[in-house]
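A.B. asks: Start from chain V and add chain H according to the hints.
Those protein sequence lines, which keep their order, are chains V and H.
The first sequence begins at 1 in our numbering and counts up by one.
The second sequence begins at 1001 in our numbering and counts up by one.
Simulated from the structure, these hints should not be mistaken for lab results.
Watch out, some of these pointers could steer you wrong.
To be verified - In silico DSS-like cross-links for lysine-lysine, where the CA-CA straight-line distance does not exceed 27 angstroms:
id, chain 1, residue 1, chain 2, residue 2
1, V, K274, V, K174
2, H, K1064, V, K522
3, V, K174, V, K154
4, V, K268, H, K1040
5, V, K221, V, K198
6, V, K151, V, K43
7, H, K1040, V, K124
8, V, K43, V, K149
9, V, K161, V, K136
10, V, K128, H, K1040
11, H, K1008, V, K137
12, V, K51, V, K161
13, H, K1035, V, K42
14, H, K1017, V, K274
15, V, K454, V, K701
16, H, K1017, H, K1043
17, V, K454, H, K1035
18, H, K1043, V, K274
19, V, K128, V, K223
20, V, K174, H, K1017
21, V, K264, H, K1040
22, V, K460, H, K1064
23, H, K1017, V, K128
24, H, K1064, V, K274
25, V, K274, H, K1008
26, V, K215, V, K137
27, H, K1064, V, K264
28, H, K1064, V, K520
29, V, K42, V, K154
30, H, K1035, V, K174
31, H, K1035, V, K264
32, V, K264, V, K136
33, V, K149, V, K274
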Amino acid sequence: MADSQIHVALAGNPNCGKTTLFNLITGANGYVGNWPGVTVEKKEAKLLSDKNVTITDLPGIYSLSPYSPEEQCSRDYLMSGEPDVVVQVVDATNLERNLYLALQVIETGLPVVVALNMADLVEKNGDKIDTDKLSKKLGCPVMMISALKNKGIKELFEQVKKSAASKGQVPEHKFDSSIEDVLDHIENNLPASVPAKKRRYYAVKLFERDADACKLINLTKEKAARVEQLVAQCEQDCDDDAESIITGERYGVIAHIIDECMTKAPAKMSTSEKIDRVVTNRILGLPIFVVIMFCVYYIAVSTLGGTVTDFTNDQLFGTDGWYVLGQGRDAYDAAVEAAGDNADSVDPAQYGPYVPGITTVVHDALVAGGTEDGGLVDSLVCDGIVGGLGAIFGFVPQMFLLFVMLSFLEDCGYMARVAFIMDRVFRRFGLSGKSFIPMLVSSGCGVPGVMATKTIENEKDRRMTVMTTTFIPCGAKLPIIALLMGSIIGDSSTTAAWISPLFYFLGVFAVIASGLMLKKTKLFAGRPTPFVMELPAYHFPAIRSWALHVWERCWAFIKKAGTVIFASTVVVWFLSNFGSYNGSFGFLPAMDGIPEEFMDYSVLAMLGNLVAWIFAPLGFSTWQATALTVSGLVAKENVVATAGSLLSVADAGETDPSLWTAFAGMFPTMGACVAFGAFNLLCAPCFAAIGTIRNQMDSGKWTAIAIGYECAFAWVIGLFINQFYNLLVLGQFGIWTIVAIVLLVAMLFQIFRPMPKHAWTDEDETNTASAAVSA
Amino acid sequence: MKTLGDVKVGESSTIVKLHGEGALRRHLMDLGLIKGTSFKVVKVAPLGDPVEINVRGYELSIRKEEAAVVEVQ
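Bound-form chain V, shown alone:
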């Protein structure tokens, strides 16, 4: 590290404005990395005004205790020797609790600059803070800033550079003299290798019996015994345990400091309290929540977002093309109507400022360039690449809108209230209130749904929500449902209206049953996650942070879409267009004498035949059914289009009776048909969603567990439907009927048995991965 380089660590409580400050001073060019081993985000970036200063944004924490991964990571980083100075961001409107962490950071012996954020709000409340006095009491510089209004930032970093050159401070604050005596004794027992300014930090940690610190210091046996004796004696004298004593002393010191440095205006009701009187009201809380969520969903998924996504899919990327500002659309539609069967001959460009779809443009350019129409290159580029990209990028506008709204709700403080309101419901299924948002969003699209799990801090809860949220039927699964309804009942709209909700109930049931079952496996076992959460004061989010929040999430998806998901799409294109016909292997559509249904000869058909036996107990063992499932992986709505081409009912939609008949003909019984539908709705989601799951889980193993569980669960449900239909309606009984009954009993047992008491350790994960999948 060069001399001129300064490493600054940014520490502070959650919601203290740390991230706003980080975005402001770095210009939001930070790169997000993960701490090794755990999914805790650490951001690093250069200071905008001085490239020699590197800022590391630590996770928001309340303490430097050894219990939570965030806190452990933060203190490991602070003690690593890398940071030259710590900027301790303190929410000045909540000085008492924020100073609790500040004291601990000061005790590390690193040079600290305390940044009193939201100073403007303190003034507005009529309170006064004497920063000079506070600075003396804490033994480090204290600066007033407002990250939101960009005030005091320049002065703060002038001070930071000065402090970085200093050697750090020995903490000023002192505990009760009896405790100080014990700490002095412990300090004397520390090995000489511990530097002077860090001795107090380790003395306090040893007093607290902090396991990590004890290991690090590694006292000799006699000294360890001596320290233990001192602590035990002190505990006896105070009639309390060591951790409580230290916590009590810290809050005691803080109470003194606040008495001397702060004059409080008489308490009045804050704006947050006023808002909360309505928003989390016992009676109005739930209705208000429903209305807000309905608005978010309605705008992002049903109306605006849906329109934009359809536009991207069909017109921008597809073959439909579009009219600028819609001019000429009506005239064109009228002309198509008039032309009747010759609709294809109507040139849309004659009726207004027409822009053809990207597929059309690329196709025309290729043909003009001498590529064979419908040939290998044309098919790869238009169907494989452009089509694949279109299917994925179609989701971006919807996601963007959704994230604009969800990020706002999150940044302004409402999400914490949602968790407060909904916790009771979700705790029953082993989840917390925060799982509701992803489920709701998933009914529109699973991709943003999975991404919305980011707000769930608890790792187990987040993983379980990711695993179950795509069970909820998304918008792209609706055509499958319509096709099924048509095939079963022969009507997709009126009399069958009750079938569609049934599939939603199936999704909800899958979530609940999975929650109840998984919670009892070793993967998710353990005591229920505590739900002790601060309800932060409401505030209007900083536009910059808000925009950045949205951008980060969309960008993460686009990056994934451009790589993994895109590659998978091309692979599926290859599998369905290549194969051997008449003894030669190659690009099928270009072969001589190949029938219209060339997919019969594709690699996909061969592979489909290989794995079709898996679905025999579910009643559909043809390769076509398997191929449909695979095509659903690219995008669920593909199932209908692929069914059309496989069954030679070209250009048929999900509402076309000829497709219904042909589709129903694929299955031996109605039970098999419904089993197929249920399997496709519940099994692995599309590549876009799988990619997002991979992103969110940040672990290949967990992605495999999630997808594996979803497929296994879907298979079992399909088995139930087919076998029980055979048994109850057709009166057939076989070996698979027995399997289905056994599985049903096992499932009910797992759902209803009481929570087992596992001797659970975190290291067990690897051994139990398979157990969860088979459960």
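C.D. replies: This is chain H only, laid out in the frame that chain V set:
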């Protein structure tokens, strides 16, 4: 033993002792719920759990189940 979960909405009380162990106990302490701390139960969620308390000048949401480890006056 009267616990935080027994305090009625709108009432204030003082913490006598923190029971329980491990991460939850330490987390509650770090949030400032220690012996001698006074607090007020502000409201209960629409479905009856969790409760919201005001402690040390900020709002905290806590399930009744977890509130049971906090002994109050």
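A.B. asks: The structure should be examined with respect to each hint, and the outcome stated for every one.
C.D. replies: So, going through the hints one by one against the coordinates:
1. A threshold of 27 angstroms between alpha carbons decides the hint, and for K274 of chain V with K174 of chain V the separation of about 39 angstroms lies outside it, so the pair is violated.
2. In summary, the hint linking K1064 of chain H to K522 of chain V is supported, as the alpha carbons are separated by about 26 angstroms, within the 27 angstroms threshold.
3. For the suggested pair K174 of chain V and K154 of chain V, the alpha carbons sit about 32 angstroms apart, so the restraint of at most 27 angstroms is broken.
4. For a cut-off of 27 angstroms, the pair hint linking K268 of chain V to K1040 of chain H stands: about 15 angstroms separates their Cα positions.
5. Simply put, K221 of chain V and K198 of chain V have alpha-carbon atoms about 22 angstroms apart, close enough for the 27 angstroms limit, and the pair holds.
6. For the hint linking K151 of chain V to K43 of chain V, the alpha-carbon distance of about 23 angstroms falls within 27 angstroms, and the restraint holds.
7. Distance hint between K1040 of chain H and K124 of chain V is fulfilled; the C-alpha atoms sit about 25 angstroms from each other, no more than 27 angstroms.
8. Proposed proximity of K43 of chain V and K149 of chain V is supported: the alpha carbons are some 22 angstroms apart, at most 27 angstroms.
9. The hinted pair formed by K161 of chain V and K136 of chain V meets the criterion: a straight-line CA distance of about 19 angstroms does not exceed 27 angstroms.
10. Between K128 of chain V and K1040 of chain H the CA atoms are separated by roughly 25 angstroms; this keeps the pair inside 27 angstroms, and the hint holds.
11. In summary, the hint linking K1008 of chain H to K137 of chain V is not supported, as the alpha carbons are separated by about 39 angstroms, beyond the 27 angstroms threshold.
12. For a cut-off of 27 angstroms, the pair hint linking K51 of chain V to K161 of chain V stands: about 13 angstroms separates their Cα positions.
13. A distance of roughly 34 angstroms separates the Cα atoms of K1035 of chain H and K42 of chain V; the hinted pair therefore is violated under the 27 angstroms criterion.
14. About 32 angstroms separates the Cα atoms of K1017 of chain H and K274 of chain V, which puts this hinted pair outside 27 angstroms; it is violated.
15. Taken as a hint, the K454 of chain V and K701 of chain V pair is honoured in the structure, with Cα atoms around 19 angstroms apart against an allowance of 27 angstroms.
16. Between the alpha carbons of K1017 of chain H and K1043 of chain H the distance comes to roughly 22 angstroms, so the proposed pair stays at or under 27 angstroms and holds.
17. Taking the CA atoms of K454 of chain V and K1035 of chain H, the gap is about 35 angstroms. The hint is violated against a cut of 27 angstroms.
18. Between K1043 of chain H and K274 of chain V, the direct Cα distance comes to roughly 13 angstroms. Compliance with the 27 angstroms bound is thereby established for this hinted pair.
19. At most 27 angstroms may separate the alpha-carbon atoms for a hinted pair to count; K128 of chain V and K223 of chain V exceed this at roughly 47 angstroms.
20. Between the alpha carbons of K174 of chain V and K1017 of chain H the distance comes to roughly 24 angstroms, so the proposed pair stays at or under 27 angstroms and holds.
21. With a C-alpha separation of about 19 angstroms, the suggested pair K264 of chain V and K1040 of chain H falls inside the 27 angstroms cut-off, and the hint holds.
22. For the proposed pair K460 of chain V and K1064 of chain H, the alpha carbon gap of about 21 angstroms is at most 27 angstroms, so the pair holds.
23. The suggested pairing of K1017 of chain H with K128 of chain V is violated, with an alpha-carbon distance near 33 angstroms, which exceeds 27 angstroms.
24. The straight-line distance between the Cα atoms of K1064 of chain H and K274 of chain V is roughly 24 angstroms, inside the 27 angstroms bound, and the hint therefore holds.
25. A hinted pair counts as satisfied when its Cα atoms are at most 27 angstroms apart, and K274 of chain V with K1008 of chain H qualifies at roughly 20 angstroms.
26. For the hint pairing K215 of chain V with K137 of chain V, the CA-to-CA distance comes to about 32 angstroms; that exceeds 27 angstroms, so the pair is violated.
27. With a C-alpha separation of about 32 angstroms, the suggested pairing of K1064 of chain H with K264 of chain V is violated against the 27 angstroms cut-off.
28. A hinted pair counts as satisfied when its Cα atoms are at most 27 angstroms apart, and K1064 of chain H with K520 of chain V qualifies at roughly 22 angstroms.
29. With a C-alpha separation of about 24 angstroms, the suggested pair K42 of chain V and K154 of chain V falls inside the 27 angstroms cut-off, and the hint holds.
30. Restraint check for K1035 of chain H and K174 of chain V: the C-alpha separation of about 20 angstroms stays at or below 27 angstroms, so the hint holds.
31. Taking the CA atoms of K1035 of chain H and K264 of chain V, the gap is near 24 angstroms; set against the 27 angstroms cutoff, the hint holds.
32. At most 27 angstroms may separate the alpha-carbon atoms for a hinted pair to count; K264 of chain V and K136 of chain V meet this at roughly 20 angstroms.
33. As the CA atoms of K149 of chain V and K274 of chain V are separated by approximately 24 angstroms, the hinted pair is consistent with the 27 angstroms bound.
Hints 1, 3, 11, 13, 14, 17, 19, 23, 26 and 27 from the earlier list are contradicted by this structure; the remaining hints agree with it.
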